[in-house]
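Letter by letter, the chains look like this.
2 protein chains.
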Amino acid sequence: MSYALNPSVEVIATPPIAEARSWLNPAAFDSDTPLIDLSQAVPSYPPPAEVNAQLKSALDETSTAFYTDICGITPLRDRLAGHMTRAGGDVVGDDVLITAGCNQAFCIAMQALAGRGDNVVVPLPWYFNHRMWLDSLGIETSPVPFNAGSGVPDLDAIRRAIDDRTRAIVLVTPNNPTGAVYSNEYLHAVNAIAIEAGIALVVDETYRDFIHDGSDAEPDPHDLFKLDDWRSSIVQLYSFSKVFSLTGYRVGSIIAGPQMLESCEKIMDCIAICAAAISQQAALAGLETGDAFRRDNRKLMASRLSAIREAFAPDDLDWELVTSGAYFGYLKHPFGDAVDSFSVARRLAQQYNLLTLPGAMFGDGQDEYLRIAFANVEADQFPDVVARLRDASSNWKNNS
Amino acid sequence: MSYALNPSVEVIATPPIAEARSWLNPAAFDSDTPLIDLSQAVPSYPPPAEVNAQLKSALDETSTAFYTDICGITPLRDRLAGHMTRAGGDVVGDDVLITAGCNQAFCIAMQALAGRGDNVVVPLPWYFNHRMWLDSLGIETSPVPFNAGSGVPDLDAIRRAIDDRTRAIVLVTPNNPTGAVYSNEYLHAVNAIAIEAGIALVVDETYRDFIHDGSDAEPDPHDLFKLDDWRSSIVQLYSFSKVFSLTGYRVGSIIAGPQMLESCEKIMDCIAICAAAISQQAALAGLETGDAFRRDNRKLMASRLSAIREAFAPDDLDWELVTSGAYFGYLKHPFGDAVDSFSVARRLAQQYNLLTLPGAMFGDGQDEYLRIAFANVEADQFPDVVARLRDASSNWKNNS
Numbered sequence: 001m002s003y004a005l006n007p008s009v010e011v012i013a014t015p016p017i018a019e020a021r022s023w024l025n026p027a028a029f030d031s032d033t034p035l036i037d038l039s040q041a042v043p044s045y046p047p048p049a050e051v052n053a054q055l056k057s058a059l060d061e062t063s064t065a066f067y068t069d070i071c072g073i074t075p076l077r078d079r080l081a082g083h084m085t086r087a088g089g090d091v092v093g094d095d096v097l098i099t100a101g102c103n104q105a106f107c108i109a110m111q112a113l114a115g116r117g118d119n120v121v122v123p124l125p126w127y128f129n130h131r132m133w134l135d136s137l138g139i140e141t142s143p144v145p146f147n148a149g150s151g152v153p154d155l156d157a158i159r160r161a162i163d164d165r166t167r168a169i170v171l172v173t174p175n176n177p178t179g180a181v182y183s184n185e186y187l188h189a190v191n192a193i194a195i196e197a198g199i200a201l202v203v204d205e206t207y208r209d210f211i212h213d214g215s216d217a218e219p220d221p222h223d224l225f226k227l228d229d230w231r232s233s234i235v236q237l238y239s240f241s242k243v244f245s246l247t248g249y250r251v252g253s254i255i256a257g258p259q260m261l262e263s264c265e266k267i268m269d270c271i272a273i274c275a276a277a278i279s280q281q282a283a284l285a286g287l288e289t290g291d292a293f294r295r296d297n298r299k300l301m302a303s304r305l306s307a308i309r310e311a312f313a314p315d316d317l318d319w320e321l322v323t324s325g326a327y328f329g330y331l332k333h334p335f336g337d338a339v340d341s342f343s344v345a346r347r348l349a350q351q352y353n354l355l356t357l358p359g360a361m362f363g364d365g366q367d368e369y370l371r372i373a374f375a376n377v378e379a380d381q382f383p384d385v386v387a388r389l390r391d392a393s394s395n396w397k398n399n400s
Numbered sequence: 401m402s403y404a405l406n407p408s409v410e411v412i413a414t415p416p417i418a419e420a421r422s423w424l425n426p427a428a429f430d431s432d433t434p435l436i437d438l439s440q441a442v443p444s445y446p447p448p449a450e451v452n453a454q455l456k457s458a459l460d461e462t463s464t465a466f467y468t469d470i471c472g473i474t475p476l477r478d479r480l481a482g483h484m485t486r487a488g489g490d491v492v493g494d495d496v497l498i499t500a501g502c503n504q505a506f507c508i509a510m511q512a513l514a515g516r517g518d519n520v521v522v523p524l525p526w527y528f529n530h531r532m533w534l535d536s537l538g539i540e541t542s543p544v545p546f547n548a549g550s551g552v553p554d555l556d557a558i559r560r561a562i563d564d565r566t567r568a569i570v571l572v573t574p575n576n577p578t579g580a581v582y583s584n585e586y587l588h589a590v591n592a593i594a595i596e597a598g599i600a601l602v603v604d605e606t607y608r609d610f611i612h613d614g615s616d617a618e619p620d621p622h623d624l625f626k627l628d629d630w631r632s633s634i635v636q637l638y639s640f641s642k643v644f645s646l647t648g649y650r651v652g653s654i655i656a657g658p659q660m661l662e663s664c665e666k667i668m669d670c671i672a673i674c675a676a677a678i679s680q681q682a683a684l685a686g687l688e689t690g691d692a693f694r695r696d697n698r699k700l701m702a703s704r705l706s707a708i709r710e711a712f713a714p715d716d717l718d719w720e721l722v723t724s725g726a727y728f729g730y731l732k733h734p735f736g737d738a739v740d741s742f743s744v745a746r747r748l749a750q751q752y753n754l755l756t757l758p759g760a761m762f763g764d765g766q767d768e769y770l771r772i773a774f775a776n777v778e779a780d781q782f783p784d785v786v787a788r789l790r791d792a793s794s795n796w797k798n799n800s
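So the sequence lines, in the order shown, correspond to chains A and B.
Sequential numbering from 1 applies to the first sequence in my numbering.
Sequential numbering from 401 applies to the second sequence in my numbering.
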C-alpha cells in the first residue's frame, strides 16, 4: 500500500467477537450438551407484526424513498418526546434528533462535545464501541473503577475522574455489560456532579425498556426530564433496536438542549444526512402499536433474569453473579488472577459448548469477569448453565 | 447551558439551504412565472417498481429486521464489485464496504486516512458536507484553485497543494457543484501524483451513472480498477441514492484495499454498525433489476443537459455556463465583483421565482458563480430560465 492510515484508527482494537465464535465447535457435543449462546445481546424474535404491516404501506408512499429532515420525521420526534415524558417532564419534538441507531447517537454526541486531547469520564467496564470511537477521535477515556459491590460507579470516584480537560460523563443504564440499573436518585446525584463541573451527563438508555418492577407498568427509570433545566446538562441516548427488535433498521435518538442539538445536527448531516426513512417509519410504528409487544418482551426478559438469579443463588457456587439486569449478567469466575478471562471464556466454549464474552473485552481490570447476555437463552436453560460452570471449576481446579 | 461544546464542530457553518428556500415567495408570481427550482440535486421520481416489489418480499424475511455484517450483505458486495468491473478490472466483494450513503462513505474514508493537523487536497469548488466533515475533525482542507477553463483541476496545482502533512487527494467526478466530468487519462494522472506522494486518491462517483456518451451504453468513466495495484492508492466512493432514486434508504459504498477497509470497518462499526438491512436489499434490487431504469434516467438527464447547453449557447448572453454535466451546471453571473453570489441568488429567487445556490456555499473564491441542478427541471424550461436571467442582468445593470 502506497499510503498511510490515520494511526488513531489503525491501532484501535476491534472487539474479538468473531474470535469468540470461532472457539465453538457444537458438532463435538452430543444432544445432552447443546450449544448455549450467552454472547448475544440482540433479540432473535421478529418485530411486531403491526410494524411490518405499516412498512408495507409505507413502501407505497413515494416519500419513503426520499430524504427526511436531518433531525428525523416530525411524528416520530413528537411521539418519542411524549414517550419519554409519560410520567411527566418537558421534552418536545424539537429536543429530539433521530439517528441511525444508538451507536451513532453516541458517536455524534461525543464528537459534538469533545475533541482530541479532551477526555470523557466512562465507568468500567465499558461498552467496547464507546471506547473504540473515543480512541478513533483521540478523545481520552477517563476511567471510573468498577464497583463490584453494586455495579454502580462510586460518586466520589466519578468526581476524581474529572479534570479540567473533561467534557462529559457517560453512563449506560441498564448497563452493558453488567446489567446494573442506576436509580433515579443516583442519576440525579451524577447530574449534580456534571453541573458542578460544567460538563454534560450523557445517559445511554438502550436497554431502558427491559427494566421490570414486577408489575405490568411501563418502566420510568428516572425523572431527569422533570428538571426545569435538564437541557443545560442532560444528553439522553436511546435505541429502537432492542425494544422493537429492529436492529437491522438502524434507528435511535439523541435528546438534548438546542445548542447541543445544533452541533449534533451538523454531524448527522455529514455522517448520515438522516436515518433511513423506512426505518423511521418502523420506529414510529413500534411506538404507535408496540405497547403489548414491549410489555411481553419486558416480562420475558424479567422471567429470565429471575431464573438466572435463582440459578446463581446457591452459596456453594464459586461463580458469582456480581450484577444483573435487563439483558445482562456480569459473572465473576473462580480462578482469580490465575486464569485470564479470554482463557476462561475459550475453555467454556471449547469444553462445555457454552459461549460467553471475556471481561477483558470491556476494559482494563476486567479479567476476573465474563459477560453473559440472555436475550436468546430460555429461563429453563440456566440450571444447565450453572451445572456446566460447576463442572468446569471443579475440573479445572483439580487439573491445575 | 452548563457545558461546553467541541469548538471544531460548534464553529462550522451549515449550508444555508433553508435560508435559500426562505427567499422564495411563489405566491407573489402569476402562472407566467412559475417557480423553477434549480437548487435540488436529488431525483423526485420514485425508485424502480421492481425494487419496491422486492422490498415487500424482504419484509416477510425475519432477517431483514436484524443486523447484517458490518461490511454489508455478501450478494450486494459481490454484485457491486461486478458492476464496477463490467469492462474489466479486478474488484471482488471483499474490496467493498457498504455504507449508509455516500456522505458516510466520505466521512469514514477521511477518518480512516487523516486526523487533526493532517490535510487533504480538495479542489475548489467543493461539496459543502465534505468541508464540514473535515473541519469537524480538525483535518485541514488544502484547496486547489478552480480551473474555470475546463472545470478540471490543474495537475500542477494539485501537486502544489500537497505537503508533508497531506494524506489524500479528493476528486468528485462528475463534480458537484460544477458538473465537470474528469477523463480516464486525467484520473490516471492524478493517481500517479498520489502514488508519488504516498497518499490516497479518493474518487467520489456519486453521479457516475449519469455520464452519457450519446449511446445507450452504460458509462465506464475510467479503468482505474484495471490497474494491477489499484488497491495501493485508489479509494472509490459510490452512492445508490441518485441512480435508483433511493435517497431515503441511505446506502452507498467504499471500494478500497484490505488495510484501508479494515480501518473503515472499525469506524463503520462505531457510527452505524451496518447500513439498514432493508436499504441494502433496495440497493441489491436496484442492481439486479434497474438497468433499464438507470438507462432511461441517464438519457433523461442527458436530454436536459443538451437543453441547458443549447439555452446558454448564444454569444450575446452575459451569463456563462462555465461547466456542466450529470445533474449540474456551474454558472458565472455577469456582475463580477460588484455583487456577491448570495445577493445574486437571493434576487433571482425574490424577483424571478428562480432558485439557484450561491457559489459561496461551495468554498472560497466562488462568489462569481451559481450552482444550477437540473434533476427536477424539464428540458423545455431552460429557455424560460435564460429569459429570466437576461431580464435580471439587464434590469440590475440599469439600476446599479
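To be clear, the hints were calculated from the coordinates, so they are not data collected in a lab.
Do not take every clue at face value.
Unchecked claim - Straight-line Cα separation of at most 20 Å, EDC-like style, residue types lysine to aspartate or glutamate; simulated pairs:
1. K456(B) <-> E688(B)
2. K456(B) <-> E19(A)
3. K56(A) <-> E461(B)
The model shown is predicted, which means the values in this text are computed figures rather than measured ones.
For which of the previously enumerated hints does the structure constitute a violation, in increasing order of number?
-> 2
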